[in-house]
Amino acid sequence: MVDVIVFVVAGVIVLAGGLGVVLNRNPVRSALSLVASFFGVAVLFVLQEAHFLALVQVVVYAGAIVVLFLFVIMLLGVDEVEDLSVEPLTGQRIGGVVAGVAVLAFLLGGLFLSGRGGDEGAVALTGTESVTQPIDETQPNIDNLAADLFGRNVLAFEATALLLTIATVGAVVLVRNAGAEDLTVDEPGRADR
Amino acid sequence: MRVTETWYLTLSAVLFAIGFVGVLVRRNPLVMFMSLELMLNAVNISFVAFAGRLDDIAGQTAVFFVLVVAAAEVVVGLSIVVAVMRRRPSITADDLRSLKG
Numbered sequence: 005m006v007d008v009i010v011f012v013v014a015g016v017i018v019l020a021g022g023l024g025v026v027l028n029r030n031p032v033r034s035a036l037s038l039v040a041s042f043f044g045v046a047v048l049f050v051l052q053e054a055h056f057l058a059l060v061q062v063v064v065y066a067g068a069i070v071v072l073f074l075f076v077i078m079l080l081g082v083d084e085v086e087d088l089s090v091e092p093l094t095g096q097r098i099g100g101v102v103a104g105v106a107v108l109a110f111l112l113g114g115l116f117l118s119g120r121g122g123d124e125g126a127v128a129l130t131g132t133e134s135v136t137q138p139i140d141e142t143q144p145n146i147d148n149l150a151a152d153l154f155g156r157n158v159l160a161f162e163a164t165a166l167l168l169t170i171a172t173v174g175a176v177v178l179v180r181n182a183g184a185e186d187l188t189v190d191e192p193g194r195a196d197r
Numbered sequence: 002m003r004v005t006e007t008w009y010l011t012l013s014a015v016l017f018a019i020g021f022v023g024v025l026v027r028r029n030p031l032v033m034f035m036s037l038e039l040m041l042n043a044v045n046i047s048f049v050a051f052a053g054r055l056d057d058i059a060g061q062t063a064v065f066f067v068l069v070v071a072a073a074e075v076v077v078g079l080s081i082v083v084a085v086m087r088r089r090p091s092i093t094a095d096d097l098r099s100l101k102g
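Protein chains in written order, with this note's numbering: chain A, 5 to 197; chain B, 2 to 102.
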């Protein structure tokens, strides 16, 4: 029963945050709604015994990615409100909402209409169950995740390390002004330099 | 009444549709990016739901990699947005019609 209450509360927070991102005219308020949504998702992860992922969700998504969004919004000064009534293509907003409803109907139809309906729909979606790395209930969640991550997926793990290095180098190269001299120690940095 | 994985999958579908509409309707590139993050989170929810349903930790490993790739994507995407919008502030996604800087 407690699980149901926690799920409903966290689900409401997630969806309300999502709607806040899409419907807010001010990008700063969209970013703050996104933080709320990420916290709701972290609660849902804890509810499903994925404790390490909840931690990483809060630290990486809410703590780094949204902060980066806010930095860029404030750096570029685009925090003035967007005019939501202007649409470049005629009927784009209506078309967007219709496409979103169609996608939702498609996903929910696949979930509930396949198999024998109801909870069995999820079974029909997964197909034959073949477990690659079973969860050991006696160990903490992080031990299970580490056994899989550093066992079967160690190559992918090293590749993500390389990916993060490439992303960092790319970010430095992309925002560098060509021809500007490097900052000396005495000069303060400016955004338009 | 028990919280089954179907509940999580339904929530994931609704959140995915909300992010989908956000990417299509909004014109500010940063808000479009944030709606994209909503879609990625929806997929993460369904991955963890299936990890619980199938008793397989591989779902959570997939979430780990989705998180890392999303973080790298945000870094590069935001630096592109900064590089473009520094020249012409108050630009929307509709004005970025050609790849020429």
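These aren't lab readings, by the way, just hints derived from the structure by calculation.
Using N, Cα and C, we set each Cβ at its ideal position, and we do this for glycine too.
One thing to keep in mind: the hints can contain errors.
Facing chain A, according to a computed beta carbon distance under 7 Å, are these residues of chain B, among others [unchecked claim]:
hint: 1; residue: 22
hint: 2; residue: 41
hint: 3; residue: 42
hint: 4; residue: 67
hint: 5; residue: 85
Chain B regions said to be covered by chain A (calculated; three or more residues, Cβ under 8 Å) [to be verified]:
hint: 6; stretch: 11-21
hint: 7; stretch: 25-37
hint: 8; stretch: 47-55
hint: 9; stretch: 78-84
Derived CB-CB ranges, DEER-like [as the list claims (entries may be wrong)]:
hint: 10; chain 1: B; residue 1: 87; chain 2: A; residue 2: 140; range: 47 to 53 Å
hint: 11; chain 1: A; residue 1: 29; chain 2: B; residue 2: 56; range: 25 to 31 Å
hint: 12; chain 1: B; residue 1: 2; chain 2: A; residue 2: 81; range: 48 to 54 Å
hint: 13; chain 1: B; residue 1: 70; chain 2: A; residue 2: 151; range: 47 to 53 Å
hint: 14; chain 1: A; residue 1: 160; chain 2: B; residue 2: 87; range: 31 to 37 Å
hint: 15; chain 1: A; residue 1: 179; chain 2: B; residue 2: 2; range: 39 to 45 Å
hint: 16; chain 1: B; residue 1: 81; chain 2: A; residue 2: 68; range: 14 to 20 Å
Hints versus structure:
no.: 1; hint: 22; result: holds (4 Å)
no.: 2; hint: 41; result: violated (9 Å)
no.: 3; hint: 42; result: holds (5 Å)
no.: 4; hint: 67; result: violated (10 Å)
no.: 5; hint: 85; result: violated (10 Å)
no.: 6; hint: 11-21; result: holds (count 10)
no.: 7; hint: 25-37; result: holds (count 10)
no.: 8; hint: 47-55; result: holds (count 7)
no.: 9; hint: 78-84; result: holds (count 6)
no.: 10; hint: 87/B / 140/A: 47 to 53 Å; result: holds (51 Å)
no.: 11; hint: 29/A / 56/B: 25 to 31 Å; result: violated (45 Å)
no.: 12; hint: 2/B / 81/A: 48 to 54 Å; result: holds (50 Å)
no.: 13; hint: 70/B / 151/A: 47 to 53 Å; result: violated (22 Å)
no.: 14; hint: 160/A / 87/B: 31 to 37 Å; result: holds (35 Å)
no.: 15; hint: 179/A / 2/B: 39 to 45 Å; result: violated (51 Å)
no.: 16; hint: 81/B / 68/A: 14 to 20 Å; result: holds (18 Å)
When the structure is compared with the earlier hints, violations turn up for hints 2, 4, 5, 11, 13 and 15 and for no others.
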